[in-house]
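Taken in sequence, the protein lines are chains A and B. The first sequence maps to residues 1427 to 1849 in the numbering used here. The second sequence maps to residues 1427 to 1849 in the numbering used here.
These are calculated hints, taken from the structure and not from any lab test. A virtual CB, placed ideally from N, CA and C, is assigned to each residue, including glycine. Check the hints yourself; a few may be wrong.
To be verified - If you want the footprint, here are the derived chain A segments under chain B, 3+ residues with CB under 8 Å: (1) 1432-1440; (2) 1470-1477; (3) 1830-1843.
As the list claims (entries may be wrong) - Calculated cross-link-like contacts (lysine-lysine; reagent style DSS-like; alpha-carbon spacing at most 30 Å): (4) A:Lys1635 x A:Lys1589; (5) B:Lys1635 x B:Lys1589; (6) A:Lys1589 x B:Lys1589; (7) A:Lys1635 x A:Lys1783; (8) B:Lys1495 x B:Lys1588; (9) B:Lys1635 x B:Lys1495; (10) A:Lys1589 x B:Lys1588; (11) A:Lys1783 x A:Lys1588; (12) A:Lys1588 x B:Lys1589.
There are 2 protein chains.
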Amino acid sequence: MDAIDVLRTKRDGGRLTPEQIRWIIAAYTDGSVPDEQMSALLMAVFFRGMSGDELAVWTQAMIDSGERKDLSSLGRPTADKHSTGGVGDKITLPLAPLVAACGVAVPQLSGRGLGHTGGTLDKLEAIPGWRADVHEEAYLRQLREVGAVICAAGNDLAPADKKLYALRDVTGTVESIPLIASSIMSKKIAEGADALVLDVKTGSGAFMKDVEASRELARTMVGLGEAAGVRTVALVTAMDRPLGRSAGNAVEVAESVEVLAGGGPADVVELTLALAREMLAGAGRSDVDPADALADGRAMDVWRRMITAQGGDPDAALPRPRETHVVTAPASGTLTRLDAFALGVAAWRLGAGRARKEDAVSAAAGVVWTAGVGERVTAGQPLIELHTDDPDRIPRAIEALEGSIGVDTEDELLPLVVDRIGA
Amino acid sequence: MDAIDVLRTKRDGGRLTPEQIRWIIAAYTDGSVPDEQMSALLMAVFFRGMSGDELAVWTQAMIDSGERKDLSSLGRPTADKHSTGGVGDKITLPLAPLVAACGVAVPQLSGRGLGHTGGTLDKLEAIPGWRADVHEEAYLRQLREVGAVICAAGNDLAPADKKLYALRDVTGTVESIPLIASSIMSKKIAEGADALVLDVKTGSGAFMKDVEASRELARTMVGLGEAAGVRTVALVTAMDRPLGRSAGNAVEVAESVEVLAGGGPADVVELTLALAREMLAGAGRSDVDPADALADGRAMDVWRRMITAQGGDPDAALPRPRETHVVTAPASGTLTRLDAFALGVAAWRLGAGRARKEDAVSAAAGVVWTAGVGERVTAGQPLIELHTDDPDRIPRAIEALEGSIGVDTEDELLPLVVDRIGA
């Protein structure tokens, strides 16, 4: 096998053979194909795409670079969810304990945030004592005893993806549907769940701003999941405005706890239940209604046990910011625009997210808003509260919000669930 | 400046600014932009191309990575020629001394062969004692005293190209007209000649098999030359059959000497004179007829002095091969096909060329044919003689020739000079 042949075949619009794909993924992972050849191939894939067959082999080769976990010893069905990332998207926090409370184990290997969308692990780390690292044995024990675990993925989970993702990040080859789909699905399939629900965000605050591209990504990922024997469904959901009433770390934990307590913002509750129903259906438990487990406190019980199992104190006070700043409503009327991207950037600039992988995040940083789109506001009322530990960050956060608030404008919003894509 | 911005701009079909181009070429040359980012950019250029303005800045940035030579101290006009490479293309050998004999200095910085086309330096090194390396001072002295020098380019000549070429070679980004044109022209412009004639080969034995693509490459290079203030003309010439009657190293030197002695194959003489007339015209000496300098022995005199100045003995016997093998004509009739690519591959496999840069070549290896296309042959007559130092190489050379010879077939040949492209 020769990397230049593989490169030229893809560059010229030909199809790669399964042998070529398996060889180049393995050779790149072990270092015998260098970065400069792989980055040229990734750019050729950006322009030429991949056929469904090519992509299925490519994704399988990424899975085979590590280990596909076997969760059959748990003795109960398993399901997981993946979101492509949005602003205020804390759904995993209430969702995992909720689904576990309904009898389906949730093995969620998660990541950290980069850029304007937050990371699930960053949010949970706002809870005093909570640890993202769970070793293999404790992971299985927690799944068995608590039913849900949200923790950092180990290095044995699709190591090819780790290397490819770092390379794509610096070579302008992130925005490619087959590369995005194979990156997400290689990790999610390797995780070993029976069923998978994908929350593909669409709109200004999402990675994919365009509904049609989001649908295509959803269809591509559902195809890859089914090809690997995982029951997979995708919901394409709105990210033109943020989810809930907060974006950040501690603020999103607090909001998640409200949802688990039976309250919380309506959109977060609605989406959590919609995704829970899909996960339960995928795991063969469509007979169970997750709304009951939320109402009767079973989901909250699992949450408390899940946090405790990873060293966290579910009753501890969450970090508070050193500085807050209030942005008021610019006019009276109906709030018709609250731009997700702008709020995500503001939270990021306040310290909730990181610009580079090695940056630390601030647990207390974030943004809280007192009204959601569709609600009435009065000129001058406090609308957005900025939280930060560093007052110097406030001016640039305010700058990010410019033009993000609309009262009585003609903005048309997406429905919360735009589409459902099954096999 | 940020490499990812540059990459994304080109990837998405935007135009790079002059500042972006200058920055990325300089940063790649000094190592601050790594190979994996540049190879992704080169692949994006492969797909998106470059505008004329972008390419002129890109080429100038490559020139500026080193030094553009100043030959004004010579006190006489200068002209050079570049060929995109063909089989049996020994034209530089008689051409440089011929043009020098007509009063125009020829500063030819040349390269080595890779693949099925030979390299000028490899051919000249078949002459006992001849050295390709000439240091700066001796180079200028030889240009002043002899009028012609053919030698290896130093490391100060467009170092960006050296690095880019090595990268393109392993990343499937060689076959891109803007990248080919900027690679050739950055070196040729940096060489400092007043006028430049490009011999753009077209046909099976050429790098560009297709006449239209060859014309586009020619137009692109002429535009770059003129933009840099070098009078530039391109001839698009036939490489569907090989040039002359030999392909290899010593065999091509012998044929070149025949031409300088007033004999030699008609096509080699015709192309040498056509290119000489263009070089002389470009250098402001269209009043001189190079045919006279060939006929009266002046070109041969310059050749002898040029070889001697670089340590060679123009009277020494050339290396002879240890083994020869004769391929006979398959039928009687008119020779209508003698495929350039096949003969080039045969010569290469016999040891005349190299597969990798670090390989050595055999001076005695090559192929000689007794008839050219359009001539009559008789079944069984010796037609192609294979020369090698290693008899084990003969079977694969014979294999390369399969289907390459046609007698009374319908093949349509290109005219020797297909097109002339000026500013």
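Comparing the hints with the structure gives:
no. : hint                  : result
1   : 1432-1440             : holds (count 3)
2   : 1470-1477             : holds (count 3)
3   : 1830-1843             : violated (count 0)
4   : A:Lys1635 x A:Lys1589 : holds (26 Å)
5   : B:Lys1635 x B:Lys1589 : holds (26 Å)
6   : A:Lys1589 x B:Lys1589 : holds (25 Å)
7   : A:Lys1635 x A:Lys1783 : holds (23 Å)
8   : B:Lys1495 x B:Lys1588 : holds (17 Å)
9   : B:Lys1635 x B:Lys1495 : violated (33 Å)
10  : A:Lys1589 x B:Lys1588 : holds (28 Å)
11  : A:Lys1783 x A:Lys1588 : holds (13 Å)
12  : A:Lys1588 x B:Lys1589 : holds (28 Å)
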